[in-house]
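Trainee: Sequence lines, in order, name chains A and B.
Read in my numbering, the first sequence has 201 at position 201, and its numbers run on one by one without any break.
Read in my numbering, the second sequence has 308 at position 89, and its numbers run on one by one without any break.
What you were told as hints is all true, and nothing was included just to trick you.
Dumping the calculated PhoX-like pairs for lysine-lysine here, alpha-carbon to alpha-carbon at most 25 Å:
| # | chain 1 | residue 1 | chain 2 | residue 2 |
| --- | --- | --- | --- | --- |
| 1 | B | Lys-293 | B | Lys-330 |
| 2 | B | Lys-337 | A | Lys-99 |
| 3 | A | Lys-99 | B | Lys-323 |
| 4 | B | Lys-337 | A | Lys-6 |
| 5 | B | Lys-336 | B | Lys-323 |
| 6 | B | Lys-293 | B | Lys-336 |
| 7 | B | Lys-349 | A | Lys-99 |
| 8 | A | Lys-6 | B | Lys-276 |
Computed beta-carbon distance windows for the label pairs:
| # | chain 1 | residue 1 | chain 2 | residue 2 | range |
| --- | --- | --- | --- | --- | --- |
| 9 | B | Ile-262 | A | His-81 | 24 to 32 Å |
| 10 | A | Ile-4 | B | His-273 | 17 to 25 Å |
| 11 | B | Ile-256 | A | Pro-110 | 16 to 24 Å |
| 12 | A | Cys-63 | B | Cys-308 | 50 to 58 Å |
| 13 | B | Lys-261 | A | Ile-98 | 18 to 26 Å |
| 14 | B | Lys-337 | A | Leu-75 | 43 to 51 Å |
| 15 | A | His-81 | B | Ile-256 | 35 to 43 Å |
Source of the hints: derived by calculation from the structure; they are not laboratory data.
Backbone N, C-alpha and C fix where the C-beta goes; we use that ideal spot for every residue, glycine too.
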Amino acid sequence: MHEIYKFVSGPLVWLAFIIFVGGSLYRLISMAILAKKKDGLVYEYFSLKYAFRSIYHWLIPFCSRNSQQHPWLTLVTFAFHVSLIFTPLFLLAHIILIKESWDISWWFLPEGMADFLTIVVIAGCVFLGIRRIVRPEVRYLTNTSDFIILALVGLPFITGFWSFHQWPGSTFMGILHIFSGEVLLVMIPFTRLSHMIFFPFTRGYIGSEFGAVRNVKDW
Amino acid sequence: MKKRPVKLSAPIIFGLVLCLVMTVFAQEDIVEVADSIFSGKKIRPPVPFHHEAHNEKAKIYECNVCHHVWEGGKKLEYETSEEMECSECHYDTTAAGYPFDVIKAYHDNCKGCHLQKKAGPILCSECHVKQ
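Chain A with its partners taken away, still in its complex shape:
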């Protein structure tokens, strides 16, 4: 037990972050090189102004036409993504462990609030999973890996929720929580989860093309 805990909370954390950061850089750089080869003009007409204008309109809920046409999906995905990013960064337990390791700390969410946001993430995973099954137009684009990715995202939240509430087996769940978080980090650069790192660039690319070249809105 102590050995496993030491391993997942020590070397594995480092390994996960190194692969996450290194893998993300690798994906970004190789994408930049590919873009240069395939469509070198991108670099000519890429415009920060139009890039940010587009990112802004797609980031704020109900700002884009697409999001106005699907209000429920917009609401769920927005709540899902905000909770997904926010909760781990401002979770008291995470900050306490970082304080123990590096002697730094910052503002944290009240634990009841974190509990609620965790439920939002888990419910969001369930919603997105069911949507992939019942909506024919989404089902058409779905394969097994999409469900595996949803499970990978949900697992750290389910196990964290489980051990926080000290349901039976919470020691095992606590270890699985740490491990599943590390697996998720490692998977981000190499799966469809990479939209997390590519989003500003793909959106900025389209925004620049529509704004600077075609002079139309892209939202």
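Go by the hints and put chain B onto chain A.
Mentor: Relative to chain A, chain B alone:
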């Protein structure tokens, strides 16, 4: 006639209760960590800690493994500080307005030894046990 037993027993009951309360306080058995800096605003369940039983079971013979005194960056070998609470020295020094330093002192001390000895609780849920 009817009131008499009550009048007689009242002082007796009072005395018994007093004895009970006094023995409870006199024993001063520590069964959980209750640093006053967290009193009334605990976020997590209290940590069960049977002071004597713990230290006997863990074979800790020196009080200053926990109740230590430092001077010039060094722990003093023979000095102890059991009359003080950990938070009296490890008070909050961050701008966060929350006593992370005290929590760190407890966690480093308790969990640090448990990890080193490969015995005793190390996960949040193993120490902050829900009642």
